[in-house]
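Asker: For reference, the chains in residue letters:
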Amino acid sequence: MNISEIKKEFPIFNNKVHNNDLVYLDSANSSQKPQVVVDRIYDFYTKEFSNVGRSVHYLAVAATNLYENTRSSVQKYLNAKNKNEIVFTKGATEAMNLVASTFGQKYLKEGDEVLITELEHHSNYVPWHYLRKSKGIKIVFAEIDQNGEVTLDEINKKITSKTKIIGVTHLSNVTGAILPIKEITQLAHSKKIPVLVDGCQGAPHLKLDMQDLDCDFYAISCHKMYGPTGLGVLYAKKKWLEDLPPYQGGGGMINEVKKEGITYGELPNKYEAGTMATAQVIAFDQSIKFLEKIGIENIIKHEKELIDYGQEILRKNNSVKLIGNPKNRGAVLSFTIEGIHPHDIATILDEDGVAIRAGHHCCQILHDKLGLPATARASFGIYNNKNDIDQLNSSINKCKKIFNLK
Amino acid sequence: MNLKELYQEIILDHGKNPHNLKKINNYNKDAKGHNPLCGDKVHLYLKLDDKKKIEDISFEGSGCAISMASASIMTDILKNKNESEVKELIRDFFEMIKEKPDLSTKILKEDEKTKLMCLSGVKQYPMRVKCATLSWHTLLSAIDNKQEEVNTEN
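The listed protein sequences derive, respectively, from chains A and B.
Using numbering that gives the first Met the number 0, read the first sequence as starting at 0 and increasing by one per residue.
Using numbering that gives the first Met the number 0, read the second sequence as starting at 0 and increasing by one per residue.
Any given hint could turn out to be false.
Okay, the calculated beta carbon distance ranges per label pair [claimed, not checked]: (1) P244(A) to E87(B): 52 to 62 Å; (2) L36(B) to N18(A): 23 to 33 Å; (3) M126(B) to E296(A): 31 to 41 Å.
In silico lysine-lysine, DSS-like type, Cα no more than 27 Å apart, as pairs [to be verified]: (4) K368(A) to K129(B); (5) K3(B) to K405(A); (6) K3(B) to K399(A); (7) K51(B) to K145(B); (8) K399(A) to K78(B); (9) K122(B) to K51(B); (10) K40(B) to K3(B); (11) K400(A) to K15(B); (12) K108(B) to K400(A); (13) K15(B) to K405(A); (14) K129(B) to K399(A); (15) K368(A) to K40(B); (16) K399(A) to K51(B); (17) K300(A) to K315(A); (18) K238(A) to K82(A); (19) K21(B) to K51(B); (20) K108(B) to K368(A); (21) K31(B) to K400(A); (22) K320(A) to K122(B); (23) K122(B) to K397(A); (24) K129(B) to K108(B); (25) K129(B) to K397(A); (26) K397(A) to K21(B); (27) K397(A) to K114(B); (28) K315(A) to K15(B); (29) K15(A) to K122(B); (30) K190(A) to K258(A); (31) K82(A) to K237(A); (32) K78(B) to K112(B); (33) K31(B) to K368(A); (34) K400(A) to K114(B); (35) K132(A) to K15(B).
These aren't lab readings, by the way, just hints derived from the structure by calculation.
Here the structure is a predicted model, which is why all the values come from computation and not from measurement.
Backbone N, C-alpha and C fix where the C-beta goes; we use that ideal spot for every residue, glycine too.
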């Protein structure tokens, strides 16, 4: 598949936005969907729909097989050791809540420390905050350096004898910093501390190998991987899924239910209570196939070119200040313009069909640290090209003109 | 949609150099407002006299051009208005920002009205309406002595 032709696979780009071609630079928020994924949802509902894992009729058996096929595809894509290490959730947020809640319930007590970083999205902070409230645990923040990165050294400094789990992002959705997960995991494991990785931004843009990273938990947002909304994946090492208590109770997750007591189902059913996002899971198989067809190496190469070009162009624009300067930057360029608030930038860019995000991007801790109430963010996907960056730059110049900046 | 209508010179001027951006002495009412989606923040200070007339009004805060201009223009035109006039104006302003083409108030002088109506273009940008209304919601909260911070998402 030729990467320059990839945009054609995404029907959204057939539409105009305010009479302009869409320049979609908000993939860190959510990616657009290729036709194969959209079609798969339609086909499943029109020709193959049934609930999974319960009934024995023809449709139920077929749907269950499709559902489990996706689990196998995800296992393969992540290079997880075991199929049962893949748990479907309603999103990465739920995946991280699942870990915080179940790990917290079993292993955290007053005074214990959870080490996270200042780069974390609210979904890898707020769930721990609940435990701070309910159990009196302490949340420790590894700090960013002047480049907007969190170094292995900084993590090492913040580990104490009370650190019980480490939660880190793979790729910051604001500074674009790619964190050294493998090294962090090695360090943590040498001190017998498990590691939860927020893989929301990592999963669509980086090569994933769970056995190589060796992290204990990895949370994925499927809608950021050219897949459907309402779906996430929690990869967790089998030993944890066997050891930790269930998260939600209900149908599908039980073994035997008596008035006197309940036993829980086998993995991964234990963590998939209730009717799951069946159509989304089945369609997500197409997202994985789509990514595999392009090849992650090609995606990384393409996005690296975009990031390098984007940095080059925006650095030349004298009013633009890029946020962070990480050595390894993922597909995110956050910026500010002196004299124009990010929300005004976003509104003016939108008029040209350029979709960016403005705000704190669910990272208020980081924005407080940077001393900024908000930033503008352009983030890339496989459908972007250098023309999109040129359009971004020319629309930024239009902002400057409207605000009478030089 | 028309960007020129949204970002008129008067909005840009007030946004860049907001009037009454300070904390007044001897205020007897105040309230805070926050737009969690944008990060816009405002702290409004009011000094009402015995007859509930606004003797002085000011604000502190940060935000986009629309929210700063709205707070700046609001504090400019509300001086010497009494509480019932202010409440009527708030209602009128909310209607203009959301649907009506202009203000129906007879309280404002023609030049004050023209200034405030510059914000009317915001209604074409639904995501930005909250920027324009934040300081006005905060004003209402100050007048009504509400204790909790105004939050545009609640």
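Asker: Which of the stated hints cannot be reconciled with the structure, identified by number in ascending sequence?
Answerer: 8, 9, 12, 16, 20, 21, 22, 26, 30, 35
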